[in-house]
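**Q** Chain residues, written in single-letter form:
Protein chains: 2
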Amino acid sequence: MKINYPDGRAFNTPPSKKSPVNTSAKKKMIFGDRGMTLEEEINESNKYYRSHDIAVIYKKPTPIQIVKVDYPKRSRAVIKEAYFAQASTTDYNGIYNGYYIDFEAKETTHKNTFPLKNFHQHQIDHLRACQKQGGICFVIIKYVSLKRYFIMPVDNLFEYWNGQRNNGPKSIQLKQIIDCSVEVSPDYNPTLPYIKAVQSLIESGREKK
Amino acid sequence: MKINYPDGRAFNTPPSKKSPVNTSAKKKMIFGDRGMTLEEEINESNKYYRSHDIAVIYKKPTPIQIVKVDYPKRSRAVIKEAYFAQASTTDYNGIYNGYYIDFEAKETTHKNTFPLKNFHQHQIDHLRACQKQGGICFVIIKYVSLKRYFIMPVDNLFEYWNGQRNNGPKSIQLKQIIDCSVEVSPDYNPTLPYIKAVQSLIESGREKK
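Chains as they are written, first to last, in the UniProt record's numbering: chain G, 1 to 209; chain W, 1 to 209.
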């Protein structure tokens with residue numbers, strides 16, 4: 001039985017069989033191939049950034065619409081009926097060195113394209129609103145089979161999104177993503193050093209403050 | 001039967017009996033007494049700020065630990081067993097005019113004091129970490145029976161919090177809150193114009209950027 005979140009992510013995805021034996025020799029060999037989902041890689045990295053006072057960024061909890069709660073005596077409340085709700089925002093936000101940071105993270109199994117249907121209009125609207133307020137907004141795209149990670153500024157995403165709405169291509173080509181993004185290589189600590197890429201976006205002025 | 005969130009807020013609190021008849025004449029008379037909880041007042045205000053491009057601030061969803069999900073055929077997933085989880089952060093964050101904003105909101109029925117047990121260590125730690133990164137951090141305190149609202153900078157909160165941990169007073173006196181905070185009066189649109197107070201904190205340099 002397959003259980004999915006409303007956005008298509010599998011619920012309680014079991015760790016990949018590739019998960020390595022936990023020895024440091026093995027660990028060194030398999031950077032970026034430890035069977036972690038992009039979400040896990042970002043959460044791990046955020047933990048590192050917080051504990052090193054580099055940035056305070058969290059994934060927001062999945063919004064749940066609660067219908068029925070039981071309150072058994074002498075134990076804590078149990079939610080007995082609830083549903084996954086549509087988020088109004090992106091999944092991640094926080095602060096880095098005075099900058100408001102807001103992003104969405106998506107992984108794809110495609111090799112040469114990235115289908116725009118991975119995004120929803122409300123995410124685009126939210127990213128636009130945050131950028132207008134001076135936030136640093138981007139998306140993190142992971143090509144699972146290529147093991148490549150890209151930090152793409154939202155201005156480029158908006159361009160492709162608008163194109164698609166005007167009968168343009170429904171996907172972004174990998175080549176286009178390479179051209180407009182900063183690539184990040186997975187590492188040991190943090191797992192995915194994406195803040196380095198964010199800093200380079202800020203310095204290159206491709207993100208305004 | 002009383003059902004509470006882990007932080008003591010009542011679950012699905014019914015609107016107060018004071019809720020007015022919905023006529024605009026009545027509405028004008030009862031600013032700040034429309035039977036709204038502080039959370040509802042802030043959510044309404046945030047909606048106003050977003051729709052007027054003033055700020056993009058949201059309440060984070062309550063974190064839920066999901067244990068069991070059913071996936072009936074031809075209908076959406078139903079969560080059958082779940083529990084309220086402890087949040088790692090404060091309830092609200094977002095961006096206002098280039099500033100990262102982070103705050104916690106608390107209401108009290110006390111008239112002259114505000115018990116510090118309304119806060120948790122993880123909220124204090126989170127506010128400290130965000131301030132260190134250059135965020136604008138504060139708490140909104142509502143005295144329900146006095147119908148008064150205060151925006152208190154976190155530096156003052158930290159002072160009282162540390163005092164309490166060193167065997168100082170377990171509560172902050174209303175007089176002390178008046179002295180260190182910016183008071184906000186409820187209004188019609190937005191319901192609670194707290195961004196005005198935040199702007200005055202920024203201008204007075206009581207919050208660093």
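Check each hint, because a few of them may be wrong.
Identical copies carry no separate label here, and so any pair may be met within one copy or between two of them.
Keeping only pairs whose Cα atoms sit at most 35 Å apart, straight-line, the calculated DSBU-like set for lysine-lysine is [claimed, not checked]:
hint	residue 1	residue 2
1	Lys147	Lys60
2	Lys80	Lys175
3	Lys68	Lys147
4	Lys132	Lys80
5	Lys73	Lys117
6	Lys106	Lys73
7	Lys111	Lys73
8	Lys73	Lys132
9	Lys196	Lys132
10	Lys106	Lys47
Quick caveat, the hints were computed from the structure, so don't treat them as lab data.
**Q** None of the hints should be skipped; say for each whether it holds.
**A** Here is how each hint holds up against the structure:
1. Lys147 x Lys60: both (25 Å within a copy, 31 Å between copies)
2. Lys80 x Lys175: neither (48 Å within a copy, 44 Å between copies)
3. Lys68 x Lys147: between (42 Å within a copy, 32 Å between copies)
4. Lys132 x Lys80: neither (41 Å within a copy, 40 Å between copies)
5. Lys73 x Lys117: between (46 Å within a copy, 24 Å between copies)
6. Lys106 x Lys73: between (42 Å within a copy, 27 Å between copies)
7. Lys111 x Lys73: between (54 Å within a copy, 32 Å between copies)
8. Lys73 x Lys132: neither (50 Å within a copy, 42 Å between copies)
9. Lys196 x Lys132: both (23 Å within a copy, 19 Å between copies)
10. Lys106 x Lys47: both (19 Å within a copy, 27 Å between copies)
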